[in-house]
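Here is what each chain is made of, one letter per residue.
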Amino acid sequence: MMDENGIRAGTTWRRYYCPSSPNYHRLCDNVIEAMARRYGAHPALIGWQTDNEVSGQICYCEHCQQAMRAWLKEKYGCVARLNRDLGMVFWAHEATDWDQIVFPRRDAENNRANPSMRLEIRRFFSDQWARFLNRQVEIIRLYAPKTWTTHNLPGFQIFCDLYDLAAAHDFLSIDFYPKATIDPPGRVNIANDITRSCQQRPHWVLEVQTGTPCTKFYKAPVPRKGQLAVYAHQSAAHGAEGVVYFRWRKSPAGAEMFGNGLLDHDARPRRQYEEIKRLGAEFAKLAEALPEYDAPSEVALVFDYADRCNAAIHDFAMDVNYFGYLTEWHNAAAALGLNVRFVRSTDDLSPYKIVIAPNQFIASPQTASNYKRYVRAGGVLVGALRMGVFDVFGKPSQLTMPGGMTDLFGAEVEEYERVMETNPNSVTFAGEIGGSADCRNWNYYLNDLGAKPLAKYDKEFYAGRTAISINEFGAGRAVYVGTMLGAQPMVKLMGFLAAQAGLETLPKDWPAAVERTRLATPKGETVFALVNHADAPQSVNLALDGLDLVSGETGSVWSLAPLSARWIKIKAKGKGKKP
Amino acid sequence: MMDENGIRAGTTWRRYYCPSSPNYHRLCDNVIEAMARRYGAHPALIGWQTDNEVSGQICYCEHCQQAMRAWLKEKYGCVARLNRDLGMVFWAHEATDWDQIVFPRRDAENNRANPSMRLEIRRFFSDQWARFLNRQVEIIRLYAPKTWTTHNLPGFQIFCDLYDLAAAHDFLSIDFYPKATIDPPGRVNIANDITRSCQQRPHWVLEVQTGTPCTKFYKAPVPRKGQLAVYAHQSAAHGAEGVVYFRWRKSPAGAEMFGNGLLDHDARPRRQYEEIKRLGAEFAKLAEALPEYDAPSEVALVFDYADRCNAAIHDFAMDVNYFGYLTEWHNAAAALGLNVRFVRSTDDLSPYKIVIAPNQFIASPQTASNYKRYVRAGGVLVGALRMGVFDVFGKPSQLTMPGGMTDLFGAEVEEYERVMETNPNSVTFAGEIGGSADCRNWNYYLNDLGAKPLAKYDKEFYAGRTAISINEFGAGRAVYVGTMLGAQPMVKLMGFLAAQAGLETLPKDWPAAVERTRLATPKGETVFALVNHADAPQSVNLALDGLDLVSGETGSVWSLAPLSARWIKIKAKGKGKKP
Amino acid sequence: MMDENGIRAGTTWRRYYCPSSPNYHRLCDNVIEAMARRYGAHPALIGWQTDNEVSGQICYCEHCQQAMRAWLKEKYGCVARLNRDLGMVFWAHEATDWDQIVFPRRDAENNRANPSMRLEIRRFFSDQWARFLNRQVEIIRLYAPKTWTTHNLPGFQIFCDLYDLAAAHDFLSIDFYPKATIDPPGRVNIANDITRSCQQRPHWVLEVQTGTPCTKFYKAPVPRKGQLAVYAHQSAAHGAEGVVYFRWRKSPAGAEMFGNGLLDHDARPRRQYEEIKRLGAEFAKLAEALPEYDAPSEVALVFDYADRCNAAIHDFAMDVNYFGYLTEWHNAAAALGLNVRFVRSTDDLSPYKIVIAPNQFIASPQTASNYKRYVRAGGVLVGALRMGVFDVFGKPSQLTMPGGMTDLFGAEVEEYERVMETNPNSVTFAGEIGGSADCRNWNYYLNDLGAKPLAKYDKEFYAGRTAISINEFGAGRAVYVGTMLGAQPMVKLMGFLAAQAGLETLPKDWPAAVERTRLATPKGETVFALVNHADAPQSVNLALDGLDLVSGETGSVWSLAPLSARWIKIKAKGKGKKP
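Residue numbers (the numbering used here), protein chains in the order written: chain A, 367 to 945; chain B, 367 to 945; chain C, 367 to 945.
Treat the hints as calculated values from the structure; they're not laboratory data. Being a predicted model, the structure only gives us computed values, none of them experimental. Warning: the hint list may mix true and false statements.
Pairs involving identical chains hold if they fit within one copy or between any two copies, as the list cannot separate such chains.
[What the hints assert, rightly or not] Restricting the straight-line Cα-Cα distance to at most 25 Å, the calculated cross-link-like pairs of lysine to aspartate or glutamate (DMTMM-like) are:
#1 Lys858 <-> Asp824
#2 Lys738 <-> Asp804
#3 Lys937 <-> Glu658
#4 Lys585 <-> Glu781
#5 Lys825 <-> Asp804
#6 Lys822 <-> Glu694
#7 Lys937 <-> Glu428
#8 Lys545 <-> Asp804
#9 Lys585 <-> Glu694
#10 Lys545 <-> Glu641
#11 Lys441 <-> Glu658
#12 Lys512 <-> Glu607
#13 Lys818 <-> Asp493
#14 Lys738 <-> Glu664
#15 Lys591 <-> Asp549
#16 Lys719 <-> Asp541
#17 Lys822 <-> Glu664
#18 Lys738 <-> Asp824
#19 Lys439 <-> Asp685
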């Protein structure tokens, strides 16, 4: 591994290897083959985790540079095409030979190189890391064909296309370390939902917070009583088939010596050990009562890997918190009790009632036509802000935003600006939604080309211009959201969208601290996973007779202890009738 | 280009060239000669811009190191003299051979090297870049002897002696990107005035803010209606002969893809395009009505390149915002309707009524005697704070501050200190000015050696000691300002200075948002450029009959639309009589 | 000197030398021998200062790497033992050959390498720098056997074991630059006390703040009238035999040109020069009246070099301000008029009534048994927070905290957490102390194994659990402080400890701004050094007849001018009777 300043990593940390080194590949092969040969048929073996938290890191060494050139050559054929497609003419970066394609050489430079080339570098390294993992899986399969392989994602830090990683393994796993009392519950849910969404089967959580936290990367209070169990219940409700606490006992040495453990360094079982022991017994009961289930999802959030890269590449200019904005929409859906799955913009969208694409920067012709097909057939699509600003190469689209979809949205972006201290603004919603809301970060104002305004700006020279619009297109509706709103107005807007899509949502008096996830068994039974995220008791009314699958209690009104969960199966008479 | 850590720049950004490389010079010569030969006589050619925003960047490569040694050898003759003049004895940096003169090798080191050598490094690179540009101009002149050449300065970022750059070209130009709603109007004025002041003819603005801003370097709201035109009117009033909006259409690729444009990526003419189109028509009328003019300046601000370098070299210790403090004085003059030009401390100062040297760190014997000559002949000179702290080598002066000018100011600095949270202070002005004002950043207290106190400190152990003094010297007056004041007290102090110099200033009820620049035609007619910087209408009374050179309206009271300008020629009867 | 990125220092700053280079050693030897030979017998010579502010800096060059390997080989004998003792197995860092032991290669890596190896690196460089200084001392002694040598410590920045440095010289000295009006007086006291404590005789202050401050490292108001004298009086009261102001006249050139001086660049004597002149006369009188004295110390604070390193190595995870927390305890003792000396945890503790070990991270068997011996014999020991978290290699202890001393404290740590915004807490003290106090930074809650609670937590799931406990052990008491308190509660707690130890403390109405240090002459007379740290007059009542050793005044009630000191010898009748 070599950094952008040409300094090769030493061997005193970890992850000092290069994903393109033939020597390293050969030696890895040897190790993996030896392990797979030795343990592949071992009866205690349940599966394989390859590597650890691969993050798509860029290595600037000569091996990687050569591999990147080969990858580009394969993709573009000739430098003239690469020059044209990536706009290398700017600042005279045109190459006349493949050898002239070089990585940026210095830290400061890296951030100012051609964004289109930077996107290609990200794409290349995503491929390169997926290949590196795949190589390991192939060897393992030779010797252990019946066990699964997985890879544990490092939360949101990753710069790899998750779908490529999922394809390389039986399923994906994720690691997360929520900060007790600090991180909102939605962070755990979105992490689970993303991991679950990339594959055709449930995922695992391979590392989750335990114990007394105190590490190089982590500053937070200790998890409260019940908190560790809540993480597991949340994860299970959001598709996890396995949850592994990290780790059994704190490390006796090395850089992570203060990292968490169910046991402390002195190996004495304490509070958290006992909690997890009890949790094991609960989940054993639950597994018997609920052997299989899924969370049928009405709402889809679009997550295209290239746009996550674009947000990072243009961090200053675009000023978009990619996962942050996805999380805001996820939270709004969760506040209404709606299940969410993540999709790519070119996936089949027909299973979903609402598709939200808040960060759709690249609007390829395929994406645009997929969206039009979806809405024409009756779907509700939500676009936002800088939708369609790029072509597939990460160059600016020459079309008026939202690029190639002004007919779909019945509106086009006229002008946009950052919201700063000197130009605060707000929007007033149309009568069917009502009220007003402050604007954050960006204001895009629209020309109405047939769409109906849902909200208009209150101030500045674009006062009275449309901020949010809705357009009927075929049997469906396309909504464009031109500004960023606070949490409460987003829930209100999401409620409007749910009504448009004919979805039922949580009753108004549902307590905010209780998360309700609606699950379905293969037989069509409905189960509600209820999670109390508050450190105080709560009570909810499901309005349908149900059975607590763990405690065996029955009823329709349920009390929840602080930081606890219940899994309630709705009695047969209520079957098919949504609450 | 090599950085201080020895890392050579890659080719994935821009400005990766070394100003001393013979190979690079040779190849540049070839390109420029080819272009000049091809287009030098082209009828559409109006002039040449060399390079782009040269910033005096330091290259740490071997070519530059050798060139620097040659430059020092030329200047000092022998290392013994260099050792003595630059004080190389400190920390045993004395050289016994030219080859021992080396650039600092690391980032951290750079900031702690001998400040006198750092000043020489800055001076060398200023020369080196001027030579690099001059080389280009010489080739161009061979093939295009009748067209002008210019170079576009990068706002205030530059580390080159502007007078050297001006000498290399027919005139200088400047680029600026004011932040709409955020940057005060004075920033544009001072940028224009500095550029104009370095040469004997008007300058150009070669790049100015347009469009929807969103770049790597820039975070601001979009310019309001009228704002782009205001930038042009301000610039014209402050000496610009040409104003070029940057750029025609947003870049279709590369690192500046989100940079501004009169047209967006979709090339559709919108609000700002229409504004500039109208502006073109206005300026066409104006050019006809006012073919030639200048802004006669009563006030001069001193700007010595070496002191700008000193402020940067000693950024922590001296804690001086060099251009910031110049701007504060410029603003104070502007608030009273006084025109300002920039001068060097050794220039002929006789054209000015008031000369302000707020950052005169180096007081060479030439500077001191020039100031004395000026005051003796009747001028009003303002010195401040650390005046005369250095000798010409950037070593501390061994004279009591203000170095070599205590007779001129009739005062000397006794002691000084930073103003921090634990030692707030204020001054009370003498009766003729009156009132009091808070102190900022630095307090210098003075021994009165004949000068009359204008303000005294209120607190701490130097309570009652002089903060600001005035001294009669020959037919003039020398004022020393030992502390930093807020904007309003500075206007008050400037009003006192104007009265001393016999200058008329704006009436008390003049609206603060309206800038008035007094211009004179070659025939001696007076024209007032009025610029309304507010996003609200304003009205001003010129008290003299005048003619709007664009609209043809006449009168003495003028209404100004939000963010707009008027150019009013005073009717002949008012000629010569200042308002 | 080479940094962690492999960039070799240039010669344009200072301290660019490597402590392991044989060539550099040889040339140093030559210089020192030449100086010692020339001046060793000079009558004006009083002593030698070796080098300047050696800071234990890590050099990453090949010489140092080789030397470090030799040092490790000497210590561990074989790599297998090193692997085991330092826990190199983590992240596969096990070495099979000494050549595989390498320094971290990059800045980011450095911070994440094995903390146990990082501790060894710190220990090695401490040895290496002590050896480097010792080598110089040996040469000096050959030619100047009758004069002393000293080394001036750079305040708290140092990463060397002070006891090793003290052993290499006759005594240690310290440099400090307190920020007038900003830094609390305790900073100067603790710096003096630490330096004094490492040796069997008084120390020197070799550089102390003067003049108008304005340097690369320093931002503060100028010292007020009397402040410079106060620094000297404080230092003398805390064991300094010499105090040297830095420097005579401001430097005429180089990087420290704006550094302080008793004379300014113009060499004119001003306020501060006169103050120091008067001070010289005062100290001449004092030296005559009080030729010898010491400050008998009842309180010891534990300072183990390895733990100071551990705090820095684990800066994020442990989040301990090592000297900051020592200073808080020092301040609490000073507020009660108790004298403090610093000790190592394995020193003879019997001279002290109270021993406080607030940062005892490593609890070696030697430390644990020394503490038990001390308490068993009647001492009062204070442990805190993460006491005993490490073994001697800086690996986590596998014992329950406080490691190996649960019998001594009659308590053990059950769990701990950071205090953040989301989990504020407080403690309520037991009746004998009374009241409550807010918790800061960390909360450790305890199992009582015989100890009596002194304070309990008020909130969260550990409400009612013990925060501070006291345990009778043999003839003494062991107190464990599991949370961090504010300044006032710490004084209260210290008052409780003093009462337990039978120590008299300052009367309740003693003015907080006046520091009182109790000194004893070899004849057993009592002298009080009184220092007024306020910029306002104060009055104190010593309740015993005394004599001002400088002014010759007598009395028991003393007025103190702003920023001034008095040295009061108690009249014979009061001898031996503590106030």
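### Status of Asp824 relative to Lys858 across identical chains (alpha carbons, at most 25 Å)
The answer is within: 19 Å in one copy meets 25 Å, while 40 Å across copies does not.
### Query
Under a CA distance limit of 25 Å, which applies to Lys738 and Asp804: within one copy, between copies, both, or neither?
For Lys738 and Asp804, the Cα distance exceeds 25 Å both inside one copy (31 Å) and across copies (60 Å).
### Message
At most 25 Å between alpha carbons: which applies to Lys512 and Glu607, within, between, both or neither?
### Response
within (18 Å within a copy, 80 Å between copies)
### Query
Should Lys822 paired with Glu694 be assigned to within, between, both, or neither, using CA atoms and 25 Å as the limit?
Close inside one copy (21 Å), not across copies (41 Å); limit 25 Å.
### Query
Is the C-alpha distance from Lys591 to Asp549 at most 25 Å within one copy, between copies, in both cases, or in neither?
within (16 Å within a copy, 43 Å between copies)
### Query
At most 25 Å between C-alpha atoms: does Lys738 with Glu664 qualify within a copy, between copies, both, or neither?
Answer is within; shortest intra-copy Cα gap is 18 Å, inter-copy 67 Å.
### Task
Go through the copies and call it for Lys937 and Glu658: within, between, both or neither, with a Cα cutoff of 25 Å.
Within. Shortest intra-copy distance 17 Å satisfies the 25 Å Cα cut-off; inter-copy 92 Å does not.
### Query
For Lys825 vs Asp804, is the C-alpha pair at or below 25 Å within one copy, between two copies, both, or neither?
Answer is within: at 11 Å inside a copy they meet the 25 Å cutoff, but 37 Å across does not.
### Task
Using 25 Å as the alpha carbon limit, work out where Lys585 and Glu781 are close: within a copy, between copies, both or neither.
between (42 Å within a copy, 16 Å between copies)
### Query
Taking 25 Å as the upper bound on the Cα-Cα distance, should Lys585 and Glu694 be classified as within, between, both, or neither?
both (23 Å within a copy, 23 Å between copies)
### Task
Using 25 Å as the alpha carbon limit, work out where Lys545 and Glu641 are close: within a copy, between copies, both or neither.
within (18 Å within a copy, 52 Å between copies)
#### Entry: Within, between, both or neither, where Lys545 and Asp804 count as close if Cα-Cα is 25 Å or less
Cα proximity of Lys545 and Asp804: across copies only (23 Å, versus 29 Å in one copy).
Hints 2, 7, 11, 13, 16, 17, 18 and 19 from the list above are not met by this structure, while the remaining hints are.
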